[in-house]
Amino acid sequence: MSVLEQISENLQKGKANDVKVLVQQAIDEGTEPGSILNDGLLAGMAIIGAKFKKNEVYVPEVLVAARAMKFGTEILQPHLAAAGVKPIGSVVVGTVKGDLHDIGKNLVSMMLEGAGFNVIDIGIDQPAENFVNAAIENNAAVIGASALLTTTMTNMKEVANAVKASEIAGKTKLMIGGAPVTQAFCDEIGADGYAADAASAADLAKSIIA
Amino acid sequence: MRFISIGENIHCTRIFKVGGKRVITDNNGNDIITYHANGETRHLPIPAQFKDSANWEAGKIKHCAVAIHQGINGSDANKAAGVDYLQNMARRQEAAGACYLDLNVDEYSTDVDERVGLMKWLVETVQKASSTPLSIDSSNIQILRAGLEACDRSKAKPMINSVSLERVNAIPLVKEFKTVVVASAAGEKNLPTAVEDKMKNLARLMPLLSDAGLGNADIHIDPLVFPIATDSGNGMQYFNSARAIRSQYGADIHISGGLSNISFGMPKRNLINLVFSHLAVEAGADGGIVDPLHINDEALAALDTSTESYSLTKALLMGEDDFGMNYIMASREDRI
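Chain order of the listed sequences is S and W. Residues in the first sequence are numbered consecutively from -18, following our numbering. Residues in the second sequence are numbered consecutively from 35, following our numbering.
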């Protein structure tokens, strides 16, 4: 098995320390940093993400894989920077105004990082303008807004309107999700996409910027 | 002591798997939800608009939402099926020992006026089949009010689920309708996990509840339950909160909460929920918002604490099984 395959395998098992050692080994062997990222770390996360979507692995298994990924990217980061490898894009994520739930949003952030995005998490209870301002500051390709309550979900419309009224209109895509959210609601408020779960959110982010 | 189970089953978010045991295609090619009542199998037809949805494509169907839809909008036969489905759920929870039946229509649609009407209809429908007091569950005040107005309050006080610092505008309903409440430890700006933050929030909420005329025996505290899947410490945070609340507020107050949240994202949820409820009671809780068919006095009394299932689940919930890996492995290997 190649070192990149070993990185992917160990990442899927959540073996953070082994991933760290293997990434260092791949660097020492002269493997391209971009290849270590894409064919090792992200390849492993993609498999975990696909299994999670099919209910073949459980939430904690995704968490340990993401932790292993973090261990690997910490070692790899300076080499990626030196080689000029950039994230595939930045995503601003947050929970909308009036809503205090963060577990779903955090899972989405993790899956986005696992898909190679740079994630800016602005937190819970965020007014629409904060999503837009963070997206402008970070030149974000995507905004991901979360809501867990039918009473707060309507604030997603304000995020959609704020995006439309700003300089990032047409450039930054808006995706939404959370228990009460539906595709019909997404269409109604004019968001660019709806994802039913964290793994789908990462796939959606990739497809709407393609 | 009786475990005060607040039956959570009549809830518009509840999902069955399409193609599972409960959702099948009949001989005529119609998609139906099957259920057992009075020793026979009965059917609830799934209307077309529920099949034209992302949920259906993802293999999920909100069965209570289907029943409510049919009960209100269906043909005469389907109306009867929708009503029977919901009343059967009420009777089954009552027979299993539910002390309250929680009703929630929040995720039926985004139209508040529509949901106000649904809640009124649902309360009236369930009350015809069961005398168990109702718990009106919504994050929207108008829906809470509609449910409470429809409640038969002549025999027992209904419950409001829930009031908190982030939802103080629901507190006047307590006095107006003479209810008991689920009081959550949520703050205006946070859903705290740490015991001290929960206690601070409750210290500010409790005087508002006593001003509204509630005694401790009318208050069911929800210390907030977060999934063990996302943080191994979430079980202990609940147990420590329950102990702190019991010691602060004494014997009369009820300690409850959405206990089944603990098992989100994990395999064999019923096992986790049962062991968690057992450990919650040991820590001072005396109730929970649960599925009463699985969590009830009998099930709690019959729980065998000498098995590997119990010890692995307890270790998970006590934060002794990092990322739940031992538990998940045991579940995969069918050891629990």
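Derived from the structure by calculation, the hints contain no laboratory data. A portion of the hints provided could be inaccurate.
Claimed, not checked - Pair ranges (Cβ atoms, derived): (1) W:P241 - S:N142: 24 to 32 Å; (2) W:G93 - S:Q5: 39 to 47 Å; (3) W:A228 - S:K(-6): 51 to 59 Å; (4) W:P241 - S:A150: 45 to 53 Å; (5) W:P241 - S:K67: 53 to 61 Å.
Unchecked claim - Calculated Cβ distances over 10 Å to all of chain S for the following chain W residues: (6) N89; (7) P261; (8) S281; (9) D338.
Here the structure is a predicted model, which is why all the values come from computation and not from measurement. Glycine is no exception: its CB is placed at the ideal position from the N, C-alpha and C atoms.
Right, here's what the structure says about each hint:
{"no.": "1", "hint": "W:P241 - S:N142: 24 to 32 Å", "result": "violated (40 Å)"}
{"no.": "2", "hint": "W:G93 - S:Q5: 39 to 47 Å", "result": "holds (42 Å)"}
{"no.": "3", "hint": "W:A228 - S:K(-6): 51 to 59 Å", "result": "violated (32 Å)"}
{"no.": "4", "hint": "W:P241 - S:A150: 45 to 53 Å", "result": "holds (48 Å)"}
{"no.": "5", "hint": "W:P241 - S:K67: 53 to 61 Å", "result": "holds (54 Å)"}
{"no.": "6", "hint": "N89", "result": "violated (8 Å)"}
{"no.": "7", "hint": "P261", "result": "violated (7 Å)"}
{"no.": "8", "hint": "S281", "result": "holds (27 Å)"}
{"no.": "9", "hint": "D338", "result": "holds (25 Å)"}
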